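Here are the chains, one letter per residue:
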Amino acid sequence: MQFRIKHLKRDINQWSFYTMAIGLFVAIPVFAIVIYLFDGVGEMWRHIVNYFLLDYIQNSLFLLLGTGFLTFFLGISSAWIVSNYDFPFRRLIEWLLFLPLAIPSYIVAYAYVGLLGNGGSLITYLQSIGFSIQKVEMMNIFGLIWVLSFSLFPYVYASTRTVFKSHPNSIRETAYLLGASNRRYFFSVALPLASPAIIGGLFLVFMEVLNDYGAAKYYGINTFTTGIFRTWTALEDLQSAIYLSALLVVLVFLINSLVNWLRGKRSYAIKVGQQSSTHSRRKSLNGSKRIIYPLLLAIPIVFGLLLPIAQLSYWAMLTLDTMLNAELFWIALQSISVAFGAAFFILITALVLIFFSKWNYLNSVHFIKKVATIGYVIPGAIIGIGIIRSSQTVINFFSDTFHLKIGYLFYGSSVILIYAYVFRFLAVAYNPIEANTLKLGKYLAESSYLLGSSKIKTLFKIELPLLRGTIISAFLLVFIDILKELPLTLILKPYNLQTLAVKAYEYADDERVAEAALPALVLIFTITLMMMLLNYGNKKLTSFGKPANKQMK
Amino acid sequence: MNKIIEIKGLSKSYDGKKDALSSCTFSMDTGKICAVVGESGSGKSTLLRLIAGLERPDSGQIKIKGKIVSDDTLIMPPQHRHVGLVFQDFALFPHLTVAQNITFGLKTNKKETVKRLLQLIKMEDYAHAYPTSLSGGQEQRVAIVRTLALNPELLLLDEPFSNLDAGLKSELRQEIRQIVKKVGTSMIFITHDLYDAIDIADEIILLKDGSILRNSSITDFSKNIQNEEVEKIISDLKSNARRTLELLD
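If you read the protein sequences in the order shown, they are chains S and Y.
Residue numbers for the first sequence follow my numbering, beginning at 1 and rising by one.
Residue numbers for the second sequence follow my numbering, beginning at 1 and rising by one.
In case anyone wonders, no lab produced these hints; they're calculated from the structure.
Since we're looking at a predicted model, the values are computed, not measured.
There may be inaccurate statements among the hints.
What the hints assert, rightly or not - With a Cα cut of at most 30 Å, we get these calculated DSS-like pairs of lysine-lysine: (1) S:K370 / Y:K18; (2) Y:K18 / Y:K208; (3) S:K442 / Y:K8; (4) Y:K107 / S:K461; (5) S:K9 / Y:K67; (6) S:K6 / Y:K63; (7) Y:K18 / S:K358.
If we strip away everything but chain Y, and leave its shape as in the complex, we get (with noise of 0.2 Å):
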């Protein structure tokens, strides 16, 4: 199967400080789901940050459908990578509309590219709203729409449900998880909630202070573990996991 993405041994410090990120090697199939879980501190944004080409890396190389868009001569600016990034707050533009929003990058096909995804997120009346008269999980299925209206070839999502209560958290997983398929692409997102990662994603990665610990097909994530500090992450997950179900339930 083709790569999506492949990164080799990528490192990356601020100010000289310890490694937000020390030494990353993954790759990813096309059309795959992959959840980045870790604590907080433990690199996901940045990981997320340089694959966008928002951060400069230390070391290291990021190919893109076996492109190179980073490595210690070259940077390819974020414009020209053909990535979505989809920001934790959203980031849409406050002073636009919805509708101008979702076709800020487009040059053709505007109307109907802003009818077509308004449709498919169920928020046809909201051409004309701004920002800040929509709420939490509609500002989020905007910014979404927003990124796939350029049908990237990978979307990156920041920690999409953080800021979610727990009945829309469940309904937007599964509703991202069906217009990623839908639309074909390949999708990152990061998360602190292993719960996330096993209901959407086809592959995990484990992050623990800028290092990865497990990187696996979501059926074997927890099979044969050999590393005690990976099982017992794992458990920690796994117990918040099942609180988050029982809170569900």
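Just chain S, same shape as in the assembly (with noise of 0.2 Å):
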């Protein structure tokens, strides 16, 4: 014991100080549910029982099963094809199967109100050339489910599609040479392999499922996430508003644990070897693969990107000169600074998080840095409602104790919005950071000390500059998904800040869909601009690795 206290003593310094309180700091929505669920239920928790929870868990677990089946079946299809066969416009289709990620699903949602509801244009269409059809009923459950599920597949497309390019030709080859089809090659060696990344892609769907508000609110289903807002916001009971959250919580952690299980059972290490380049194995289109294989593609493309794009560009057309005015540029204006703010607090976030746990030499402290980087699995309106309750006890403790009134500090600047976008991103700009920080090594910092470095005078002479492209990228990734929240940002937004998500949104629910088309559309070209930076950069970056298997001359 004397012993452990001695190296306690010797091993603990400032940067273990550093990463607990940044830590804590980030994690207080997390905190704040739990410690509030103590208070006891809210005034009207027997009546969310009574006539609403069953309802919340029922439609969130279909559109679960539901987005599920269909994001599956669309990913694994245009992955498989895209990676294993050539065709005319193949790198075209590689990038327009990406694109629907940059399109919000609650603005995907009123697209298709507008063309299959009662005169949409789809249908306006269809009747023109002879089909006697009045409407597709898309408010409901199944409306959601094809919504969400062309809006996200591209999770799972992209990290199937990953796996699928890097299987070395060696192990096609055998199965082949063993004696298997081409049936039998997919369902028994190339989906196997690949499915740790199909049950990532998938967990990414479900966290944007449950994290949902835009489209489920718009089409009237009740699920936790609208659950949660409407018991705040309509029925006033913040306290049975955490309820609901921590049940969704709950929910969320099982499917993170069902996920980490099926992971670690099915995870494969394969070996890629020189011999991996998937090119020269690409094979041509033959027989009736070359019908039904682009007619494939072209499903996710029309229904995931074209026809919500074509619907909200005739909008945008229809509203052209009531919209296009200096109002819609000051809110693309403000929506851009704050996604460019809070990426940037965000990535400081993530780099200081990571080098000072890697300069801590307690294990105890890494602990800490994992609770901090959660919120990418816990829905927007969650962690909105831990940050009203704690800020809540902190203005409640300032007024009782000093008399000052801090309110406007928190709810009129976007200082807390800024602060929930940083404990809601945290893992997206952290994880893709620490996996490289780790790829690179521990040599060339120790390299750098024994040269006589400081650990500052290393981050910023060796290991920021290696990690260049890493950065940028995440920043990017970030920049993206603060550009297209929506639930935290309604909750957390100071009245005088409008963002594109929210105007959008707003235009949408007050039943003024067409108006919501111009900012929708200048959100997706924003969006989609940062992908082809992101695309571009990611090619271009120097990688100063090594090359493998260098010849020593």
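Hints given; two lone chains; assemble the complex.
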């Protein structure tokens, strides 16, 4: 024991304290939810349990199952075709399949009502060519599953495509030499090998489904997230909203545990050699595949990208005169400024946490940074409630103890919104940067220490320059996520701040869907631009790593 | 003679598992070259990293030039130990040129030092080259002079010859010995090849499962062996060395 205390005194340093302080500060919303649970249930809790809770649970689970199934099919089929076959415009199609991510799902939801509702654009067109169809009812749970699936399938597509592309030729050739058909190879070899990536992609889809507020609210589907909003705003019962949030957190952690268990059971290490290049083994389409495979690729592109964009463009043309004004530019500027500022803070927080915890020698401190980065799996509505409740405590404390009114500091500025973004999206920046820091290895930094440099000098002279590409990518990823974010922004934005996402939502909520189109299109255009930058950056930014298997001269 | 390094009861385990290093005790005179020989997993790299201050020991004491740099209550950071370490993969900074790598730790006389050290390793034309354009042998030479630029009191080399082909290995062994003797520093290097040790070291430490089995001068290494296990290991190492010699011939 005495020995341990001696070591604790020896090993604890300023970085241990900084890591703990920053980690705990970032994770306040989680602690707030847990602590305020002990305040007991709210006044409306019994009413919610009797009339709504079963609906929330059933709908949320049904949505998860439905979107899980559809995104699984859309993501895997498209990833398989683009990774294994060569056809005209393949590169363009590979890129287009990512783009549905640029359109927030609530905007796709509005577009579909405009397309398929009574007198919708697509319905009118179909009637003009002889179809006797009045409308397709979208505003139900099946419509919501359709919308969410076509908007979120790129998560499964992206992760699965990477794995399909990295499968070495030798594995495929061995399977064929052992007598496997194409079908057998796909189901018995390729799919099981890709299963950890598929599960990872599906997990992201599930988190987005549970986080969705705009689409579910517009289609009138009661989910946990819409329930939390309703309980807090319409029923004015924050305590019951906290209880609902806690239940949703339990559901999220159940899914998370299931995913970790499944991925742990199915993690396969594949030796990827130089022969893994897919260029040489992409086959041309022949026979019936020449028709079926392009059709399979066309489905997600048409329904997830082209139709929503066409509808939004049509509405935008109708409302151009009234909507294209200085206010729109001002909103776009605010949106970009907030996203830029928040992304910057998130990047700094991620870097600080990664390197401070690396410089700390106490293992127990690493737990804190894990808690600080769980925001990405907690729906925005819960984070919003956690922050509102904890900031109320701080405001009351200052008011009671010092007679200071500090509420405007919290609610009149963007500070609290940016703080919420930091917690929600920290993992988006943290995970890739940490992974690349580990990939960089410890020897470069250690060499620098042994050459007389401090940790800070090593960070600025060696580690950050080598992580430049990853840092820029992480920044753009966070920037995109913040631009699209809706529930958290709705709860926490100051009165005088307006973002493109919120503006589009407000118009649609006000039954002025056509007016929502232009802000939505500006938002989509900005996100697409960022995605193109991200793609360009990933290709262009220099990697200083040594070539593998370098010959010794 | 002054001791450059004195180690007493040094132990280290990772994540509470079996000791990577167990109660090691040895010392080395200033100006000597010592080879730490052992199989993979015998604790050689851990020993080097503990001396450099890159790992924290569970127990034991390390003194460099008579000054305690590590014990149960104190850990001197690597940058204050006046120790240089050349890693197995050389760890050259890939975004800096050869000259920038060499002068990384220097505050003054940068131009002169680069010129002098590149002359020493016969690489005068490579000052502005990036590490990715160098061969393995060139990278190693640069890594060594980068460390020597700071005049360390003790030079540590982690498996310096493991990635090299036989011809280059022989050439570099002698080159390193000459450089080290010329600049007058002390050196500890680790290897699993006895021939590397016999060729350039003054002393040998034989490690197995984290414990020192034998610590002697190169001339006494195979004399008066009382322990059967040590005898077997030395005989295996000798046999490997003979094969290396035959291959070289």
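The hints, checked one at a time:
1. S:K370 / Y:K18: holds, 28 Å
2. Y:K18 / Y:K208: Holds, at about 13 Å.
3. S:K442 / Y:K8: Roughly 27 Å separates the two Cα atoms, so the pair holds.
4. Y:K107 / S:K461: holds, 15 Å
5. S:K9 / Y:K67: Measuring from Cα to Cα gives roughly 21 Å; hence the hint holds.
6. S:K6 / Y:K63: Between S:K6 and Y:K63 the Cα gap is close to 19 Å, so the pair holds against 30 Å.
7. Y:K18 / S:K358: holds, 24 Å
Violation of the numbered hints given earlier is absent; every hint is satisfied by the structure.
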